[in-house]
Amino acid sequence: MTESSPATAALPAALWCDRCGESVAAGPHPACEAARAWEPPRWCASCRRRMKVQVVPTGWSAVCVEHGERRG
Amino acid sequence: MPEILDQARERVLGNGVGLDEAGVLAVLNLPDEHLPAALQLAHEVRMRWCGPEVEVEGIISLKTGGCPEDCHFCSQSGLFTSPVRSVWLDIPALVEAAKQTAATGATEFCIVAAVRGPDARLMKQMREGVAAIRAAVDIQVAASLGMLTKEQVDELVEMGVHRYNHNLETCRSYFPNVVTTHSWEERWETLRMVRESGMEVCCGGILGLGETVEQRAEFAAQLAELDPHEVPLNFLNPRPGTPLGDRPVVEGKDALRAIAAFRLAMPRTILRYAGGRELTLGDLGTRDGLLGGINAVIVGNYLTTLGRPATADLKLLEDLKMPVKALSATL
Ligand code: SF4
Ligand SMILES: [Zn+2]
Ligand SMILES: [Zn+2]
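For the protein sequence lines, the chains are S and F, in the order given.
What the first sequence shows, in full-length UniProt numbering, is residues 1 to 72, in sequence order.
What the second sequence shows, in full-length UniProt numbering, is residues 1 to 331, in sequence order.
For reference, chain F alone in the conformation it holds in the complex (with noise of 0.2 Å):
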């Protein structure tokens, strides 16, 4: 067994504290005969930590493109040729999604806009949107709007969005390779503003944009220091017209041992499944992550791109014994 898992055994397992930044590499270099004692310390970990159940999510896009940001894996940006045109959801469509997500099981639905930071216009379609879903399905809303102001904090948890998702994308020392029309610091303030607030803080990246092995072992750091309740992880899927577009998708064995690291680093943080794990991991690989550390899924569509169908992923939920946490058990 190597030194870095009998280490993480007592130190995570044991004594419920993640690895640091020194350890976490460690677990992304291991060989590969060495990850599937990684996955199954990840996965007691979480079963220690934060138990069986597994959170369902899904997310909606209400302002789709011409996002005037340049985040170089992002369809979405109105600064390059990607095919992705606007396009705005209206309310009766939100409800609608809202109510074929909870009929999932899912408690989580997340509602996400392509902006670098809401304006009048899209907090206004927020309220009304929020209101009638509130109204109409038993769900949690949690939303993902950008970068906000102090007042639009506490907007959204007047509205009773309860979560906020604000990714970090990657490291700190990587983040000015993939985007330049705003820093990493500008959104550690917003993460700030609403871990103050009260709103629980959903912050995550992608992996595969060209960081090195290290600069991924940083990024697990650095949300450690962050704490999130929820770290959703996502594997770069290549969109046409973008600068990353070329780039390969992350092999399935380095998405593992990413997954138990991440894990090995936050035992207590829900872990999701977020876009990209069909292409690098296939069936079988979304299965050896969730028995390695993963603990939470969004199900069905992402934003622009598709995903299984819910019912695949519920069906392997229930063959592997995993419960899908309850509303109740969230409130």
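One chain only, chain S, in its complex shape (with noise of 0.2 Å):
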């Protein structure tokens, strides 16, 4: 999946893993990098809000309320 940039321009830097939520301040998590190959982000990778994501045959669509919309 090739993932379009955010409708919002400008995010903050990643501070989370948009898998699993946790930080990534002590740098990416591969198992989670790994899954994301199969899986939509779930949580937003700059405030770590969960995101609304719908996922269609084609691809999959996440929303914060705050960052915007990320498509894949």
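None of these hints come from the bench; they were simulated from the model.
Worth double-checking, as some hints may not be accurate.
As the list claims (entries may be wrong) - Here are the in silico distance ranges between beta carbons for each label pair:
(1) G16/F to V65/S: 53 to 59 Å
(2) Q40/F to R49/S: 49 to 55 Å
(3) R48/S to E44/F: 52 to 58 Å
(4) A34/S to R172/F: 31 to 37 Å
(5) T149/F to R49/S: 36 to 42 Å
(6) T149/F to V65/S: 34 to 40 Å
(7) R49/S to P176/F: 33 to 39 Å
(8) E22/S to G160/F: 43 to 49 Å
(9) R134/F to R48/S: 38 to 44 Å
(10) E22/S to P2/F: 46 to 52 Å
Don't be surprised by glycine CBs; every beta carbon is placed ideally from N, CA and C.
Please assemble the complex out of the two chains, which come individually in their own frames, going by the hints.
Written out as structure tokens, the structure is:
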């Protein structure tokens, strides 16, 4: 899956893992990155809010109320 | 050649009579060196009793998450700390998903909702959604909305829903270990009403929930007794936050043994690859399964997880010289 850029511009740098919602301050999570090949993001990487995610046969969209929509 | 495969050749391939529970168990217990022979026989059975066509389907989540039930494998239960949030799909997006599914050559589009059973809001959304799809897209509509009342069954028939999915998930003896908020028998009752209504029955489950090999055989026998039109076979994709989130995925060879065994239990059913195959089987195993009894696929993404792009599966079917079942053949 290729991901398009977020709908809102100038996102803060990723602070949180978008799969497990834990901090990525100490570096990315390889297991989560591998798992993300087969799942959409669930957590906003900027603010750690749980996103509203809709999966459709050909893609997905994930919305954070604060940081807008991502699509893949 | 193991005795069970000789017996199956005569009984299942020759006479079209599925293996019983003991026979299924013998296939599930075959050592690795006999797995290719089991898959080959299952493939011959599929070709003889179903033909070379593969039924292609897309699925869509109309209402995601927030389910009151506690199926221990499910990221959509509202009772676990799963990160999946509740969300509804609107009708234009539903129709668009049906269009995209039809564009792959799929003949089936299954609308799914994470609910115990439909309420008035969901039935209204279904009525509008199915009508909008039927007006705009050439595809058969199926549904999976949990447990139904007789009135709801009749309403779905009226809407033009031609097939209803309701998985038993696992065998009767193991079910209470996986779900405590409703019973296997309640699921069976919905399936009975669906069958009586004339809708096609789609019923399968998930392997890798912690059931024993004996319980896998029990499950195949119980499905064979139900005799569904279609059996979707999922392999557990352990979801974070669910009680089964730390379980290992099913070994590829065990998954292939199960595919062969389920085909030998149900020679005429549509045996569909559903979720989890990407993790359990990978590309090579996916091919082996299609040459070992599988004759239907879900293409594209699932409800909350992602699948291979439809083009990858369609290319594989082309390589295997397996034609995609056409809409006219399903009507
Ligand atoms: S009823 Fe369906 S959606 Fe609800 S928890 Fe069980 S499997 Fe998940
Ligand atoms: Zn992580
Ligand atoms: Zn955010």
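task = For the range 53 to 59 Å, tell me whether the beta carbons of G16/F and V65/S fit it or not.
result = At roughly 57 Å between Cβ atoms, V65/S and G16/F fall inside 53 to 59 Å, so the hint holds.
request  = Can you let me know if the beta-carbon spacing of R48/S and E44/F is within 52 to 58 Å?
outcome  = 54 Å, holds
key: Cβ separation of R49/S and P176/F, checked against the hinted range 33 to 39 Å   = Holds, at about 36 Å.
query = T149/F and R49/S, beta-carbon distance inside 36 to 42 Å?
reply = With a Cβ separation near 38 Å, T149/F and R49/S satisfy 36 to 42 Å, so the hint holds.
message = Verify the CB-CB distance for T149/F and V65/S against the hinted window 34 to 40 Å.
response = 37 Å, holds
ask   = Should the hint that Q40/F and R49/S are 49 to 55 Å apart at their CB atoms be regarded as holding?
value = Check passed, 52 Å falls within 49 to 55 Å.
ask   = Could one say that the CB atoms of A34/S and R172/F fall in the range 31 to 37 Å?
value = The hint (31 to 37 Å, Cβ to Cβ) holds, given that A34/S and R172/F are roughly 36 Å apart.
Consistency of beta-carbon spacing, R48/S to R134/F, with hint 38 to 44 Å = 42 Å, holds
ask   = Falls inside 46 to 52 Å, the C-beta gap from E22/S to P2/F?
value = About 49 Å separates the Cβ atoms of E22/S and P2/F, which means 46 to 52 Å holds.
query = So does E22/S sit 43 to 49 Å from G160/F, Cβ to Cβ?
reply = Check passed, 46 Å falls within 43 to 49 Å.
Comparing the model with each earlier hint shows no violations; every hint is respected.
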